[in-house]
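Participant: Chains as they are written, first to last, in this note's numbering: chain A, 1 to 292; chain B, 1 to 282.
These aren't lab readings, by the way, just hints derived from the structure by calculation.
In this text, all values refer to a predicted model and were calculated from it rather than measured experimentally.
We treat Cβ as the ideally placed atom computed from N, Cα and C, and that holds for glycine.
Among the hints, a few may not be true.
[As the list claims (entries may be wrong)] Short derived list, chain B residues pointing at chain A, Cβ under 8 Å:
| # | residue |
| --- | --- |
| 1 | Gly-143 |
| 2 | Ser-146 |
| 3 | Glu-177 |
| 4 | Asn-197 |
[To be verified] Residues of chain A clear of chain B, computed beta-carbon distances all greater than 12 Å:
| # | residue |
| --- | --- |
| 5 | Asp-72 |
| 6 | Asp-176 |
| 7 | Glu-200 |
[As the list claims (entries may be wrong)] Computed footprint of chain A on chain B, listed as stretches where at least three residues anywhere in the stretch have a Cβ under 8 Å from a Cβ of chain A:
| # | region |
| --- | --- |
| 8 | 21 to 29 |
| 9 | 242 to 249 |
Spelled out, the chains give:
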Amino acid sequence: MSACLDITNLSAVLANGQRVLRSVSLSLQPGEVRALVGESGAGKTMIGKAVLGVLPSSVRIVEGNMSLEGEDLGRLQPRARRTLIGARTALIPQDPLTALNPSRRIGPQMTDRLVRILGWNGDKADKRVRQLLDEVQIRDPDRVLKSYPHELSGGMRQRVLIAAAFAAEPRLIVADEPTTALDVTVQKQILRLIADLQREHGTAILFVTHDLGVVAKISQKVSVLYAGKVVEEADTARLFEAPLHPYTRALMAATPRYTDPFASLKPVDETVLAGLAAEIAAADQTWRHLHG
Amino acid sequence: MDEARIVRRGLGPRLWLAGGWLLLVLLAAIFAPLVAPQDPLAQDLMLERLPPFWLDGAEPGYWLGTDSLGRDLLSRLIFGGRIAFIVAFAAAIAACLVGSTLGLIAGYFGGWADRIISRIVDIWMAFPPVLFAILLVAVLGTGLSSVILAIAIIDWTRFCRVIRAEAMGQARMDYVENARIAGYGRIGIMLREVLPNVLPSIVALLSLEMGIAVIVEAILSFVNLSISTDDPTWGGIIAEGRLSIHQAWWVLVFPLVTLILTVLSFSQFGEALKTRFDPVLR
């Protein structure tokens, strides 16, 4: 059985030549939840965008392959690639406020995609959307479907977006820090919701986050990123038991614990950062050597 | 509950006053032959410079008095409103279609499309607009269609600039990216996702532009470059009134007040409509 998502040696550069992704390899089995962790700017979101084909125009992929359920995205024509990505993947975005079109009602926004991209008829799409709204525990679907996004709370909007992401039965969902913009109390519910839906639908999820607490709750495997490079990849349980890479250890030490939030907060150690810088420089050296 | 209150306040007296005045002028213009008390072109030197109705020496049937050729001022204003409104609607809609389309393309697609369109706009805006209009009408020849064309040619940039900036902001929004991921085409996204969000601005600008078109038409007819000098236009009446300001102030004041009220109403109406159209502000 082919992997749901297979990324090999993916490198990307900015217009000024700076590398944002350094030979990233990543493989997701069908139904697997993979967490991508790292600090801001580590390239977590960039990987998600690369998979979904929405990298900003300033970022250029210079090397590597991505395949979705065995189909090599690089070999497809742009049109065919868009259709494939549209049919097999979905995004749960970070900011539920800007991810819904403010001037369109929720109903048409959710059904449109099923009707236009997947060619369903209106009734089927409507039924499907209502079923999903029920699964994300929205109790008054009629009101929600008739609402404009600004009439719903942040948590409600994120529920709607989760329902929309699962509605088309994608094989892979990229969740880009889906709880970061929410209140702490809502975060837990949303996380549980994503986990429940994932289990029921068997969807693979690439879960981008900087929150190790979230990682522990939801993922089976973790890839730790630093400066666009995967520094450690491991099963979640093993990673928390025995982190191998010093950066992973430092990251864990930097996570606040509720019991003693201040004592447990430690910035990442400087020797660790120096070690990382050397590692990155060495990797760049080989890369430059190979690519002239 | 809250929402209903906000909607009502948004509608407010502004919309009613502005809309009411515009409707009044529009109806008078449409039914001008029925409403106007006199023939706007009929001269009668026996009735020259009659004052408006509340002053001594006014004649019944000549409510706002007459000009130096004895023509009824109210009738001339009503017929002038016809030309003003035809120009306002036609020119503003033409400018809006061209400007908004180009602005939407430049803002959403960016890159080369944006660079080319933005440079054209920059060059266009380097011309002083009124001189440009006078020049265009001089080249195209006087007449209603040249006036409309001239205003549209000058003022499309106004739409282009604003809509470009708005479309740019919308294009960066996550919902546009989401639509890309879902597999929609670029043009489909531009029309279905971006356009509805810039529509309130287009509507407000359109109304504002109608006011501007009324002003430009008045300027052109003031310098005698609008349409044939026989037809009453607001600018033409103002030009005539200027000459007899000391003998008959009303020939200058009434068309000026009409013009100002109309232009003001257009801009206020546009603002109010924008609030109505915008689901977030509403």
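Participant: Determine for every hint whether it applies to the structure shown.
Facilitator: Status of each hint after checking the structure:
no.: 1; hint: Gly-143; verdict: 40 Å, violated
no.: 2; hint: Ser-146; verdict: 38 Å, violated
no.: 3; hint: Glu-177; verdict: 5 Å, holds
no.: 4; hint: Asn-197; verdict: 5 Å, holds
no.: 5; hint: Asp-72; verdict: 18 Å, holds
no.: 6; hint: Asp-176; verdict: 9 Å, violated
no.: 7; hint: Glu-200; verdict: 22 Å, holds
no.: 8; hint: 21 to 29; verdict: violated (count 0)
no.: 9; hint: 242 to 249; verdict: violated (count 0)
Comparing the model with each numbered hint stated earlier shows that hints 1, 2, 6, 8 and 9 do not hold.
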